[in-house]
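**Student:** This is what each chain is made of:
2 protein chains.
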Amino acid sequence: MDNRTITFKNTPCIISSGCVVGKNESEGPLSEYFDKCVKDGRFGEKTWEQGESKFQKTALDYALKKANLSQSDLGCIFGGDLLNQCVASSFAYRDMDVPFIGLYGACSTFVEGLALAGVFVDSGAVSRAAVCVSSHFCTAERQYRNPLAYGGQRPPTAQRTVTGAGSVIVSQGEKTFPKIARATFGSVVDSGINDANNMGACMAPAAYKSLKEHFKNTHTSPSDFDLIATGDLGEIGRKTVRDLFYRDGVDMGESYIDCGCEMFDIHRQDMHAGASGCACAATVFSGYIMDGLKNSKWKRILLAGTGSLQSPLTVQQNETVPGICHVVEIEV
Amino acid sequence: MDNRTITFKNTPCIISSGCVVGKNESEGPLSEYFDKCVKDGRFGEKTWEQGESKFQKTALDYALKKANLSQSDLGCIFGGDLLNQCVASSFAYRDMDVPFIGLYGACSTFVEGLALAGVFVDSGAVSRAAVCVSSHFCTAERQYRNPLAYGGQRPPTAQRTVTGAGSVIVSQGEKTFPKIARATFGSVVDSGINDANNMGACMAPAAYKSLKEHFKNTHTSPSDFDLIATGDLGEIGRKTVRDLFYRDGVDMGESYIDCGCEMFDIHRQDMHAGASGCACAATVFSGYIMDGLKNSKWKRILLAGTGSLQSPLTVQQNETVPGICHVVEIEV
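Residue numbers (our numbering), protein chains in the order written: chain B, 1 to 332; chain Y, 1001 to 1332.
Treat the hints as calculated values from the structure; they're not laboratory data. Computed from a predicted structure; not experimentally measured. Accuracy of the hints is not assured; some may be wrong.
[Unchecked claim] Chain Y is faced by these chain B residues, among others (derived, beta-carbon under 8 Å):
#	residue
1	Gly80
2	Tyr104
3	Pro322
[As the list claims (entries may be wrong)] One-sided and incomplete, this derived list gives chain B residues near chain Y with beta-carbon spacing under 7 Å:
#	residue
4	Phe100
5	Gly102
6	Gly105
7	Gln172
8	Glu174
The beta carbon of each residue, even a glycine, is placed where N, CA and C say it ideally should be.
Please build the complete structure, drawing on both the sequences and the hints.
**Tutor:** Shown next, in the form of structure tokens:
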């Protein structure tokens, strides 16, 4: 069996990032780190879905602008979202003459894309790649759960889908920028949990497995990293990851955070178990974490994108909810 | 702007393939090329969706077995399907300890995965990668159109989703096998067509654009290839591609086929405009085309995976149906 952690040799760097969020996200503790806050969920469009596409386009525009690049400078875009047939992404790029590589990794899609961009830029397949993903509370809620007007009650384990989009540009060999050093793609992990309203519990075993594999393959432990951020486990999933490592005698320490716990002031904003969605890891990384990397607050970090792999149909069919987690290691 | 065709240097080879199809496919002209024909749409499972997952697992098993490999020999699996949240794929791999990279490229997913596997194996990110995709008439029909029991009439432009799955194993440097020489990822092409029952017309402009780009970037023309196969344009889309090239003074010639026209005996089997679905290009390639490559019937080919990027919701919202097409060049 291969060592399944990929080590990059040619310094694929994250040369810029962009992020746009919705109203609730702009009222949370990370507000200052986002490029733009849009109070109108439709973003001036006719439907929430069209609005979500615009979030994605706008996040990419910010990332391009900050790097002083235009669309034609991109070798490809890795994109995805949570909508059926990933239409937020494909419609975002329908006017753009840039190769589009569509991904579906549920809420792990941003990190999946980041790792793929690492491989593409490292190998020279492209000189520059963009990663851009989105999610939207209103489009997700009506697709996965209930129409918003129904006003359904949510259990305390539920998480709130982040409205927004995050994007990064990955380019070769510009060493002053944060570089993608390694990546570990995760496998599908099914722990037999079937409560789709407790996604943190469904995804935590996958996060544990992929992080453990990354530590093993790179001969590291949590204390080697200034920051370890899981994507959107929320309060329950984050605690579960801590507990699973604790059983192995491994302390995840103070440097372990979860983007789903950082996005909102959970109690003040009444956000139940925290934030979730493709855009959760994407915006927290593109805004807050990139800022910390650029200011050398952190020098070596892990970003672990987590996804739960159910559909409304599999939930109706009483299937379990498997999880997946992809890990990238980033250094300054 | 980069030359957007990727040329592989380290001979990523397709060392084996596997394909499993359903009843109608097994009654078509390519029957002898498939590894297994399954008359039961549920494949012995409780639901069609679980059956589709089993098609996918079984196709991968055939590909592994023929290469004398086991799951642990794989660095990763690129997988996808047409179901909401790509559950046929993620549930297929939930018992497998192999990194899973989920894709959504509609019916272009097989070729998207083949090109990604080319990049991964060429760069040494993994030694071996599998690509496996599925589609299923019964799961697709009730998700995209009507419950099967409704017995809806279909217009003559409609295509029939292939029931089945196709898989290949890509590995480095084994030169007696067909090798992936080049790949061109396509962009999203929106020609303003909004008839979701005429997917051939929606996808043809994307096929034309990506093939044209591949010819330009590689200084080739259709006559340089022994076979050019688009994924699932059907009779209308295939004719449209011919016409679009004809306007440029380019004759696509006799070597141009479409997998969606090859799968069924369209008139005898009453298949309207032909076949479609992720599994169309995947099974025709993994069975029929791989056979021709191994027997040196063809020495240099193009496989152009085509996808239409709508969802039932975007159709209801009266959106257009954009298309996408990814191209891989394969040599013996």
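**Student:** Under 8 Å is the threshold here; is the Cβ of Pro322 of chain B close enough to any Cβ of chain Y for the hint to stand?
**Tutor:** Since chain Y brings a Cβ to about 5 Å from Pro322 of chain B, closer than 8 Å, the hint holds.
**Student:** Mind checking the CB of Gly105 of chain B against every CB in chain Y and telling me if the closest is under 7 Å?
**Tutor:** With Cβ-Cβ at 5 Å, under 7 Å, it holds.
**Student:** Per the CB criterion, is Glu174 of chain B less than 7 Å away from chain Y?
**Tutor:** Not OK, violated: Glu174 of chain B not within 7 Å of chain Y, min 16 Å.
**Student:** Tell me if Gln172 of chain B is really an interface residue toward chain Y, meaning its C-beta lies closer than 7 Å to one of theirs.
**Tutor:** violated, 12 Å
**Student:** Does Tyr104 of chain B pass the interface hint, meaning its C-beta sits closer than 8 Å to a C-beta of chain Y?
**Tutor:** holds, 4 Å
**Student:** Given Gly80 of chain B as an interface hint, is its Cβ closer than 8 Å to any Cβ of chain Y?
**Tutor:** holds, 7 Å
**Student:** Close enough to count: is the Cβ of Gly102 of chain B nearer than 7 Å to one in chain Y?
**Tutor:** holds, 5 Å
**Student:** Tell me if the interface restraint on Phe100 of chain B is satisfied: Cβ within less than 7 Å of some Cβ in chain Y.
**Tutor:** holds, 5 Å
Figure legend: structure checked against the earlier numbered hints; hints not met, in rising order: 7 and 8.
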